[in-house]
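Trainee: For reference, the chains in residue letters:
Protein chains: 2
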Amino acid sequence: MINTNKYLALIYRSALISLMSVCSVVYAKEPIQAIQAAKNINIAKAELGKKLYFDPRLSKSGFISCNSCHNLSMGGTDNLKTSIGHKWQQGPINAPTVLNSSYNIAQFWDGRAKDLNEQAGGPIANPGEMAFTHTLVVELLKTIPGYVKEFQQVYGSDKIHIEQVTQAIAEFEKTLVTPHSRFDKWLLGDKNAINKQELAGYHLFKKSGCVACHNGVAVGGNSFQKMGVIAPYKTTSKAQGRVAVTGKEVDRMYFKVPTLRNIEMTYPYFHDGGAQTLEEAVDIMGKLQLGIHFNKEDKAKIVAFLKTLTGEQPHFALPLLPPSSSHTPAPKPFE
Amino acid sequence: MINTNKYLALIYRSALISLMSVCSVVYAKEPIQAIQAAKNINIAKAELGKKLYFDPRLSKSGFISCNSCHNLSMGGTDNLKTSIGHKWQQGPINAPTVLNSSYNIAQFWDGRAKDLNEQAGGPIANPGEMAFTHTLVVELLKTIPGYVKEFQQVYGSDKIHIEQVTQAIAEFEKTLVTPHSRFDKWLLGDKNAINKQELAGYHLFKKSGCVACHNGVAVGGNSFQKMGVIAPYKTTSKAQGRVAVTGKEVDRMYFKVPTLRNIEMTYPYFHDGGAQTLEEAVDIMGKLQLGIHFNKEDKAKIVAFLKTLTGEQPHFALPLLPPSSSHTPAPKPFE
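Protein chains in written order, with this note's numbering: chain A, 26 to 360; chain E, 26 to 360.
Worth flagging that the hints you see were computed from the coordinates, not collected in a lab. It is possible that part of the hints are untrue.
Note that the list lumps identical chains together, so a pair holds whenever it fits in one copy or between two copies.
Claimed, not checked - Simulated crosslink set (BS3-like; lysine-lysine; CA at most 30 angstroms straight-line): (1) K263 - K112; (2) K139 - K324; (3) K112 - K357; (4) K332 - K174; (5) K357 - K259; (6) K112 - K76.
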C-alpha cells in the first residue's frame, strides 16, 4: 500500500515539476517571488492594533497577549513545540508565525479562519489559550480611557465592538511583512546576495520538488497539503488537520503548508513542533513528502538556502499600553 | 498597645515633618527632586542586556522573560496582585516596577539584593519564577552564535559568565529612568505643568506626612519602613519583609518603600498587591501609616498629584533576539 502510494507520489511529483518548469518559462522566472513591504495600511488602526496585540489584559489572567505565543522578538512564534495557554495548559499545536501571515490562504494550521480578522478573535476566547470572552474584552476596554479615546479616533464611534478589536489587530498583523531577505535580493538581480552553497541549495529545493508546495511570495502558505504523502507522519499530536473544518475524510492530515520565510527563526517545525532543527525538518520532509533520502551534504545545501529567506524583521518601538482605570475589572489569573 | 503605638507614631510623624520642613529650607526647596535621564551608560552592554531582558530562553520553559513580570509596556510591572511563575505558580509577592529601580536603596521588597546586578540573577534561578539555573543559562547562551558574538564584543572575551549576563541586564535596567513627568516640570519651574487640584494634592501629601517616606528623586525606594505603623496591615500574604534578610524581629513587616513614580501605571499596590486602585492605596496608607482618615476630596487631591508623577516611559525598538542553533537545548515548559 505504501509502495503504491510512493509510486504514485513520485509520478505526481515528476509531472508537477515538469509542469512548473513549463509555467516558470511562461509566467515567471522563478517559482518564488520577492516579498514587498506592506502597502495600503491604515496607520492609526495598525497602531491601535499593535497595542492590543501586546496587551495581556485581553486574556483572563492578564498575563497572556498575542505576543506571548507570536513573539515578534523571535520570528513571530514562541519557539516551543506547542504553546502554553491559560494556567499553563499545553496547547495542541505549534504556534505558526504571524510574520507574512497576510499571505496565507487561510489562518490556523487547519485553515479554520478565513482571514486575519477572523483569526484574531480565536485565541482570545479559546479556554485553552487566553481564556477570555469577546464580551469581557469589550467591557474591559471601555473602562480604559486611553483605549476609549483611540477607538474613537480610529473608528469615529464611541462604541467599542469586538470586530473593531480584531480588525485593528489584523491591520497591525498586515504590517508584519519581512522584505529584503538575501534570497529576495538575489531574486531582484543581486547575484552576489547568496553564495554558491545557498544557490546550490535553491536549485536542489526546486529540483527535488520542495517548491511544489513551498512556492509563491511566502514560499508556502498558499495551499493545504497532506502531511505524510509517502508514509504516514508519526506523531503523538491529536491534530488531524483540515478534516476538523470540512468534516471530509479526504482532508485528514491535510494542513496548511507553512511559509518558509524566516524559517531559521521559527523552530521547532511542523504542526506538532516535532522537528527541532532545520536539518531534521528537511530530512523528514524529503522522506515523507517526496520519497527522497537527502544525504548530509544535500541537507546542508537546502538548509543554507532556507536561511537566506530570513527577511528584515518588523522594527517598531515597544508599544506603551494605556493604564487601567479604577473601574477596570482586575484580571483573574488563578481562577 | 495599639493606642500607645498610635500615639508614638503621631509624635514621631510630627517631629519628622517639622525636621523635614527645616531641612527643606536648608538643603532643598522641595523634598522630592526631579529625576534625570540615565547617564554614563555603556550602550553596547545595555543593548545586550535589553535582549537578555526580553529573552524567554533564560527560563526553563522558554516562555518567561524578565519582561513577563516587569513589562515595559505596562510601567515595568505585570499589573497582577502577585506574579505568575514557572508552570503558573502563584508568586508570593507583587512584582515591583523596574522603572527607576537604580535609585532603590536595595532590590526586592525585602532588600535582599544589594543592587540590580545581584537582583538580576534571582528570578532566573528561582524555582517559582523562571526555574532555570545560572549554569544552564550560560550553557544555553554559548550555543547561540548571535549572543556569543555580542558577548565577545561587549566583554572582549570568548567566555560567557553569569556575572556578564546579570551585569548586562542591570546596565539595561539603569536606562529605565522616566524623566519629564509633569511634576518634574513643575519642580523645574514650569508652574503651569500641574493644575490647582494636583498642587493642592502635593501640599496635602507633604503636610500629611506621606513625604516622610516617599521623598527624594524616586519619591520612595530609599528606605525600609514598617507596613502597619498605626495598626497591623491585614493580609493573607506570608511575606514578612526585611526580617527574612536580617533575621531580626525588629525588621518584621519592614518593606522597602516603593517608588511613587509612574504609580498610575503600577497597580495593584503594596507588597501583596492588596490595593487595586490608587484611591484605596491612599486610604489605607493614611489610616495605617499616618493615622489619618482622608476624606473623599482629599484622597482625590492626592491621587491627582500622584498621577503627575508619570514620566516619559522608556522608548526603544522591540529587541530582535538571535535565533537558537541546532545545538541549543530545547526549552522544557512541561517538566
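Trainee: Work down the list of hints and note, for each, if the structure agrees.
Mentor: A quick look at each hint next to the structure:
| no. | hint | verdict |
| --- | --- | --- |
| 1 | K263 - K112 | both (21 angstroms within a copy, 22 angstroms between copies) |
| 2 | K139 - K324 | neither (34 angstroms within a copy, 51 angstroms between copies) |
| 3 | K112 - K357 | both (10 angstroms within a copy, 16 angstroms between copies) |
| 4 | K332 - K174 | between (43 angstroms within a copy, 18 angstroms between copies) |
| 5 | K357 - K259 | between (38 angstroms within a copy, 21 angstroms between copies) |
| 6 | K112 - K76 | both (23 angstroms within a copy, 26 angstroms between copies) |
In this structure, only the earlier hint numbered 2 is contradicted, and the remaining ones agree with it.
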